[in-house]
Amino acid sequence: MYTQALNTAETDDRGLEDAARAAQFQARIDAEERIEPNDWMPAAYRKTLTRQISQHAHSEIVGMLPEGNWITRAPTLRRKAALLAKVQDECGHGLYLYAAAETLGSSREELVDAMLAGKAKYSSIFNYPTLTWADIGTIGWLVDGAAIMNQIPLCRCSYGPYARAMIRVCKEESFHQRQGYEIMLTLCRGSDEQRAMAQDALNRWWWPVLMMFGPPDATSQHSDASTKWKIKRFSNDELRQKFVDATVPQAQYLGLTIPDAGMTQDADGHWRYSEIDWTEFKQVLAGNGPCNRDRMAARRKAHEEGAWVREAAASYAAKRAQRQTAQAAE
Amino acid sequence: MAVANIQVSETPLVLYALRRADDALILGHRLSEWCGHAPMLEEDMALSNIALDLIGQARELYGYAAKVEGKDNDEDKLAYLRDVRQYRNLLLVEQPNGDFAQTLVRQFFYSAFTDLYWRAMMNSRDATLAAIAAKSEKESAYHLRHASEWIIRLGDGTAESHARAQGAIEHLWAFTGEMFAVDDGERSLIDAGIAVDPATLRGRWLKTLSDVANEATLALPQNDWMQQGGRSGRHSEHLGHLLSELQSMQRIFPGLTW
Chain C
1 MYTQALNTAE
11 TDDRGLEDAA
21 RAAQFQARID
31 AEERIEPNDW
41 MPAAYRKTLT
51 RQISQHAHSE
61 IVGMLPEGNW
71 ITRAPTLRRK
81 AALLAKVQDE
91 CGHGLYLYAA
101 AETLGSSREE
111 LVDAMLAGKA
121 KYSSIFNYPT
131 LTWADIGTIG
141 WLVDGAAIMN
151 QIPLCRCSYG
161 PYARAMIRVC
171 KEESFHQRQG
181 YEIMLTLCRG
191 SDEQRAMAQD
201 ALNRWWWPVL
211 MMFGPPDATS
221 QHSDASTKWK
231 IKRFSNDELR
241 QKFVDATVPQ
251 AQYLGLTIPD
261 AGMTQDADGH
271 WRYSEIDWTE
281 FKQVLAGNGP
291 CNRDRMAARR
301 KAHEEGAWVR
311 EAAASYAAKR
321 AQRQTAQAAE
Chain R
1 MAVANIQVSE
11 TPLVLYALRR
21 ADDALILGHR
31 LSEWCGHAPM
41 LEEDMALSNI
51 ALDLIGQARE
61 LYGYAAKVEG
71 KDNDEDKLAY
81 LRDVRQYRNL
91 LLVEQPNGDF
101 AQTLVRQFFY
111 SAFTDLYWRA
121 MMNSRDATLA
131 AIAAKSEKES
141 AYHLRHASEW
151 IIRLGDGTAE
161 SHARAQGAIE
171 HLWAFTGEMF
181 AVDDGERSLI
191 DAGIAVDPAT
201 LRGRWLKTLS
211 DVANEATLAL
221 PQNDWMQQGG
231 RSGRHSEHLG
241 HLLSELQSMQ
251 RIFPGLTW
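Going line by line, the protein sequences match chains C and R. According to the working numbering, the residues represented by the first sequence are 1 to 330, in order. According to the working numbering, the residues represented by the second sequence are 1 to 258, in order.
If you are wondering where the hints come from, they were derived from the structure by calculation, not from laboratory data. Careful, some of the hints might be misleading.
[Claimed, not checked] Once the Cα atoms are required to be at most 30 Å apart in a straight line, the calculated DSSO-like pairs of lysine-lysine come out as: (1) C:Lys47 <-> C:Lys119; (2) C:Lys228 <-> C:Lys242; (3) C:Lys47 <-> C:Lys121; (4) C:Lys230 <-> C:Lys119; (5) R:Lys138 <-> C:Lys171; (6) R:Lys135 <-> C:Lys171; (7) R:Lys67 <-> R:Lys138; (8) C:Lys319 <-> R:Lys207; (9) C:Lys242 <-> C:Lys121.
[Claimed, not checked] The calculated label-pair distances, taken between Cβ atoms and stated as ranges, are: (10) C:Thr325 <-> R:Ala131: 44 to 50 Å; (11) R:Ser188 <-> C:Thr325: 53 to 59 Å; (12) R:Leu256 <-> C:Glu275: 35 to 41 Å; (13) R:Ala163 <-> C:Glu330: 29 to 35 Å.
All values derive from a computational prediction rather than experimental measurement. Glycine included, each C-beta is placed from N, C-alpha and C at the ideal position.
Let the hints inform the model, and build the full structure from the sequences given.
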């Protein structure tokens, strides 16, 4: 569903790389060539991408939980099927993002273990609860909307497998976004109770969604390498502003109020938002969001309770291979 | 204000479609409970896929039941505004997911039946049911293959998976008899060439089960005591909880558009 804090390049071991190859690599990037799995790449590039792609994959998988929370309670059969299909799409995104990360040399198991051990991050937005049906509409509209802003530039990311995965992911996300907006539209055209439900959801999700774009440019430390490698093409604040500018008219059309009394439109037409409360963001990143513990517990439970199933599948596959070898030897 | 249950005029054909719709919805709902919690991502995908197929079948069958009934009921009223005594699904499909073995054995018993059932129903004299069957048959064939492969993996996997699979078979076996039961209303539809006599499918169903069980080194129970009641609304205690969740929005917010 989404990525954040893309500006986290590893720079430690770059000095060890062969300078000539590094220069050649950078020349390819500058020429907008795609880097493929078997190509030489600096260790820090590999490490940065592995971290970014796996965080993105973890976010897709953890992101199944808040929306999955409403599959069994969706208000109509049509909504139930659409939500289930959507959450299934997120799982598919996770799968092919893990596959893209694997092309860089880490296995899915290693990456998942790092997440379950709390060593790898996922998007902080999924640490907020889905309390009403309107939250499902709001996640589609805003969370997927923000994800699209982040991910469209990633379709041109210098690493080929990631860029290609993003093309497919973006197509599905934009479908999800329209679906979410349509849920909101239905609520806003409904009863007073439904409109209040929609407004309440917007009130709760607005600020956390703005935080999805990561810390303000003024305080970001590592954008340089990712920008130079053309992994990241726009700054956090640029993407955030683009998102706000696109979203305000959509909220107006719904008849909803953005929960920011200080918001103004400047002479260039940009909607200027008030200062974001980064303390909250830091708290959620530190594990103190409303659902951090629940999300991790749910993923660990699924992993632990599924262990015997994965062992059975592995054991059966080994037995079968053994039988085939024995048969071939006869 | 809670919404009152709708009343359905259960003519034999309405009831027939409703029973199959309820089977598909309740099992689809159960499978959807796995979404985000499965033992591996591939199974999150697969179980959601099967759930989507079943919910899709349910919608078509509800739509047809409503059309045949000819009142102002629709798929959502039929799904959301009948209580536990009005639901007509098999006891098998409402059984809780339990562990992965129980979910897959439940699916295996059901899909081994529906695979044969929908294929036979493609010859129904009722054009709508035949069309629904043509679509559902393809889906059920995949569901059966998926479940069979898992029964074999679990049965012939580790000692633990074998024990869990065998336990699930014994636990769920008593709910399989209901699939083959027929009442007077259904008998009239069978005689008219609209419905299939499930008794004619039982031999092949058992053969599918025993072939897969053999390969899986699992045993089918000898016990032939079978639980009945789902088709006439006498359910296990589990269904009421499932419905209270499934129907909560329509019960809390009556009559709104979502």
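Outcome of the hint check:
1. For a cut-off of 30 Å, the pair hint linking Lys47 of chain C to Lys119 of chain C stands: about 14 Å separates their Cα positions.
2. About 22 Å separates the Cα atoms of Lys228 of chain C and Lys242 of chain C, which keeps this hinted pair within 30 Å; it holds.
3. About 15 Å separates the Cα atoms of Lys47 of chain C and Lys121 of chain C, which keeps this hinted pair within 30 Å; it holds.
4. A hinted pair counts as satisfied when its Cα atoms are at most 30 Å apart, and Lys230 of chain C with Lys119 of chain C qualifies at roughly 26 Å.
5. Note on Lys138 of chain R and Lys171 of chain C: the hinted pairing holds, with a Cα-Cα distance of about 28 Å set against a maximum of 30 Å.
6. Between Lys135 of chain R and Lys171 of chain C the alpha-carbon distance is near 27 Å, which keeps this suggested pair within the 30 Å criterion.
7. Straight-line distance between C-alpha atoms of Lys67 of chain R and Lys138 of chain R comes to about 25 Å, which keeps the hinted pair within the 30 Å bound.
8. Pair hint Lys319 of chain C plus Lys207 of chain R holds up; C-alpha atoms about 25 Å apart against a cutoff of 30 Å.
9. Straight-line distance between C-alpha atoms of Lys242 of chain C and Lys121 of chain C comes to about 25 Å, which keeps the hinted pair within the 30 Å bound.
10. Roughly 48 Å separates the CB atoms of Thr325 of chain C and Ala131 of chain R, a value that falls within the hinted 44 to 50 Å.
11. Between Ser188 of chain R and Thr325 of chain C the Cβ separation comes to about 58 Å, which falls inside the hinted range of 53 to 59 Å.
12. Checked against the hint of 35 to 41 Å, the pair Leu256 of chain R and Glu275 of chain C passes, with Cβ atoms roughly 38 Å apart.
13. Here the CB-CB span from Ala163 of chain R to Glu330 of chain C is close to 32 Å, well matched to the stated 29 to 35 Å.
The structure shown violates none of the earlier numbered hints.
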